[in-house]
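Peer 1: Chains as they are written, first to last, in our numbering: chain V, 12 to 92; chain A, 15 to 363; chain Y, 475 to 853.
Note that these hints are calculated values from the structure, not bench results.
It is possible that some hints are incorrect.
[As the list claims (entries may be wrong)] Here are the simulated EDC-like cross-link-like pairs (lysine to aspartate or glutamate), alpha carbons at most 16 Å apart as the crow flies:
id, chain 1, residue 1, chain 2, residue 2
1, A, LYS29, A, GLU138
2, Y, LYS478, V, GLU79
3, A, LYS210, V, ASP66
[Claimed, not checked] Now the in silico label distances, taken between C-beta atoms and shown as ranges:
id, chain 1, residue 1, chain 2, residue 2, range
4, A, ASP310, V, MET80, 54 to 64 Å
5, V, ALA75, A, PRO320, 40 to 50 Å
6, A, THR272, V, ALA75, 23 to 33 Å
7, Y, ALA744, A, GLN262, 50 to 60 Å
Even for Gly, the Cβ is constructed at its ideal location relative to N, Cα and C.
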Amino acid sequence: MCLAIPARVIELLDDSGALVDIGGVRKEISLGLVDGVGVGDYVIVHVGYALARLDEEEAARTLALFAEMSALETAEAGHAD
Amino acid sequence: MSAVKQDYIRPVDFKHGRVDLTHGSGGRAMAQLIDELFLHVFDNEWLRQMNDQASFSVPAGRMVMATDAHVISPLFFPGGDIGCLSVHGTVNDVAMAGARPLYLSASFILEEGFPLADLRRIVESMGRAAQAAGVPIVTGDTKVVEQGKADGVFITTTGVGVVPAGVDISGDRARPGDIILVSGTLGDHGVAVMSKRENLGFETAIESDTAALHGLVAAMLDAVPGIHCLRDPTRGGLATTLNELARQSGVGINIRETAIPLRTEVGAACEFLGLDPLYVANEGKLVAICAAADADALLAAMRGHPLGMSAAIIGEVRQDANCFVEMETAFGGRRVVDWLTGEQLPRIC
Amino acid sequence: MPIKYVDEFRDGRLARRLAEKIAAAVRPGRGYRFMEFCGGHTHAISRYGLQDLLPPEIRLIHGPGCPVCVLPIARIDTAVALARQPGVILASYADMMRVPGSKGMSLIKAKAAGADVRMVYSVTDVLRLARENPEREVVFFAIGFETTTPPTALLIKQAAQSGIENLSVFCNHVLTPPALRGILDAPHPGEGLALDGVIGPSHVSAVIGTRPYEFVATEYGRPVAIAGFEPLDVMQAVLMLVQQANAGRAEVENEYVRAVTPDGNAKAQALMEEVFELHERFEWRGLGWLPASARRLCGAYAAFDAERRFAVEAAVVPDHKACECGAILRGIKRPQECKVFGTVCTPDNPIGSCMVSSEGACAAHYSYGRFRDQMAVNA
Chain V
12 MCLAIPARVI ELLDDSGALV DIGGVRKEIS LGLVDGVGVG DYVIVHVGYA
62 LARLDEEEAA RTLALFAEMS ALETAEAGHA D
Chain A
15 MSAVKQDYIR PVDFKHGRVD LTHGSGGRAM AQLIDELFLH VFDNEWLRQM
65 NDQASFSVPA GRMVMATDAH VISPLFFPGG DIGCLSVHGT VNDVAMAGAR
115 PLYLSASFIL EEGFPLADLR RIVESMGRAA QAAGVPIVTG DTKVVEQGKA
165 DGVFITTTGV GVVPAGVDIS GDRARPGDII LVSGTLGDHG VAVMSKRENL
215 GFETAIESDT AALHGLVAAM LDAVPGIHCL RDPTRGGLAT TLNELARQSG
265 VGINIRETAI PLRTEVGAAC EFLGLDPLYV ANEGKLVAIC AAADADALLA
315 AMRGHPLGMS AAIIGEVRQD ANCFVEMETA FGGRRVVDWL TGEQLPRIC
Chain Y
475 MPIKYVDEFR DGRLARRLAE KIAAAVRPGR GYRFMEFCGG HTHAISRYGL
525 QDLLPPEIRL IHGPGCPVCV LPIARIDTAV ALARQPGVIL ASYADMMRVP
575 GSKGMSLIKA KAAGADVRMV YSVTDVLRLA RENPEREVVF FAIGFETTTP
625 PTALLIKQAA QSGIENLSVF CNHVLTPPAL RGILDAPHPG EGLALDGVIG
675 PSHVSAVIGT RPYEFVATEY GRPVAIAGFE PLDVMQAVLM LVQQANAGRA
725 EVENEYVRAV TPDGNAKAQA LMEEVFELHE RFEWRGLGWL PASARRLCGA
775 YAAFDAERRF AVEAAVVPDH KACECGAILR GIKRPQECKV FGTVCTPDNP
825 IGSCMVSSEG ACAAHYSYGR FRDQMAVNA
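Start from the sequences, fold in the hints, and give me the full structure.
Peer 2: Shown next, in the form of structure tokens:
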């Protein structure tokens with residue numbers, strides 16, 4: 012819901028812990044609520060817990076959608092349906 | 015049997031000793047602590063006189079005096095400690111008037127049980143800071159309170175300085191059309207301190223920016239003697255400082271988010287914690303407001319100084335009876351940057 | 475070095491293109507009222523000034539997605555009472571520290587008066603507190619929607635498994651779908667609820683999935699777009715809702731595909747099921763009593779329920795008479811239409827739920843938007 016931020020897993024620790032990195036800042040968080048997360052994956056972190064793995068393919072698709080749209084002319088948009 | 019050494023006084027045990035109530039009683043223990051620690055580290059002609067006060071002449075001109083109590087916790091943080099912070103903080107307050115800082119006083123409230131090793135570390139840090147700034151600590155005081163009545167140590171510093179002729183810097187001098195500058199990246203100190211606090215343990219390369227700014231101010235005044243306002247955005251951050259200046263001057267302020275210097279790690283740490291970098295404390299930065307015609311020269315002077323290399327123009331002053339501080343967000347929208355409500359605490363939602 | 479998966483979603487140039495697309499998509503003369511349910515969305519809209527980028531036909535209404543705002547005064551009073559119990563350490567997230575209960579008493583004020591209140595960033599801090607203070611009773615003031623609930627469930631499980639007995643939880647975890655239903659059901663005399671769509675919360679949905687929102691579309695005929703909480707996400711979701719509204723469609727669409735799936739986080743859901751059951755009904759500040767909308771500890775875990783461990787009175791404390799939070803939460807009134815907004819009721823002195831947290835509609839408007847009111851008045 013709120014204040015959750017995507018972080019990259021850089022190391023797996025004991026007891027379902029992980030060291031994550033956000034823009035150069037590192038913190039220990041828990042992976043206790045997710046399964047199958049490995050080093051290099053991105054997770055959404057909220058109050059010290061990963062809530063979900065960020066699907067990088069989907070992220071890329073969303074960004075591509077934005078990029079594609081930015082290449083469109085305004086007039087082309089028209090009344091969307 | 016060996017002869018007893020005359021006048022042998024066991025030196026203060028700085029390795030394992032702790033502050034106790036005798037250190038504040040005015041007796042021998044206190045005199046010894048003062049002698050072996052404070053006088054030894056701060057050493058200067060005034061302290062050597064061993065009076066309860068320091069006597070000096072001041073050059074002609076308007077005098078400036080500033081005082082600050084430092085109750086920071088933790089006492090030691092990446093990039094600094096309460097010692098150098100207390101020197102820099104007061105030197106800066108004096109410098110923000112455009113004055114040359116001349117002398118400092120320092121009073122210590124020590125908690126019973128406080129490790130003398132830590133105290134020495136702090137005092138040595140103060141000594142180094144005062145030395146580097148060229149501002150001696152000429153008088154001081156020490157008191158001890160019972161365990162639990164102080165957070166280790168509280169330090170109050172007072173500074174005096176003199177304002178050169180032709181310099182008139184005050185918070186009420188901002189005028190519509192003036193330009194607003196900051197001397198460098200924001201939020202470094204607050205985030206560095208929070209990284210040490212118990213609950214927020216992340217490893218970062220962020221260090222406090224604590225520094226004495228009077229050299230930078232002198233360089234700025236050389237280039238632009240007619241600076242209107244100077245202030246260092248400490249507690250409450252840039253947002254608080256801008257709101258103060260706006261209200262004092264009876265004007266509004268516009269700033270641009272994209273122009274505000276911010277280190278990526280500080281931004282990331284703030285994201286993590288739910289903090290707004292605009293409200294995070296700085297201890298080695300200043301905000302300057304000058305006439306539009308002077309802005310380029312002022313910026314150049316700031317960037318030419320080691321403490322102002324990341325200086326930037328961040329906005330301007332405008333007419334506004336409501337004295338709002340508005341920001342154009344990086345995203346293109348506008349928002350008000352309001353006064354801080356209560357204490358800034360990390361958010362979960 | 476940019477922050478990956480954050481900065482790209484805050485690109486100002488893309489924002490302008492999206493804004494143009496939205497402006498082109500809206501039908502002139504038609505109004506679109508979209509409720510954004512999540513406090514993180516309220517914050518993003520304010521922080522980035524999103525309303526400026528949207529055409530005037532679109533009105534974003536701040537819904538009750540702020541767990542701090544919807545907690546009744548009586549529950550805050552109980553938290554304070556727990557903090558005052560001898561031997562108790564009350565652990566709380568920062569958000570709740572300043573919220574005033576009856577007679578203006580808050581946790582931070584109780585702390586100043588001697589109660590042992592500790593701010594925590596995570597439930598791991600709570601467990602540590604219990605371990606490090608075996609002779610004290612640690613009570614965790616648990617709040618939040620389905621994002622914060624799974625961590626609390628983990629805390630309780632871990633405490634049970636480790637045999638930690640000096641820990642209990644004052645549970646105020648609430649659910650999103652019943653709150654949405656509560657809003658949509660609201661009978662308001664003389665005024666229907668004109669809501670054209672819902673911007674679904676980001677991370678609640680990461681946990682519960684998209685399926686629980688289907689009733690909004692099937693039973694109430696309103697479209698839902700679940701949005702990430704970066705500003706581009708929100709704008710894209712707005713566009714999706716405009717398109718649905720124009721076409722007369724009502725579906726649950728997912729903009730936040732990089733983190734939200736139809737089924738959500740099964741592991742987290744199973745944990746919540748194991749540790750909690752639902753109250754028959756629960757009081758929501760501004761919304762009244764909603765059925766099956768909040769959790770309490772169940773089964774063996776009930777031993778960790780602070781309300782059972784400590785004898786605390788369950789009072790009912792009414793909101794201030796002039797407070798319009800109920801209408802504001804439902805999008806029927808705006809903050810500036812409340813008589814006490816900005817005068818008696820301010821962020822420093824909040825009277826009602828919409829002002830107590832920076833995500834509340836009134837607090838957000840006060841901090842970020844009231845300059846527009848002034849401009850309009852002065853113009």
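Peer 1: Tell me, in ascending order, the numbers of any earlier hints that this structure violates.
Peer 2: 2, 3 and 4
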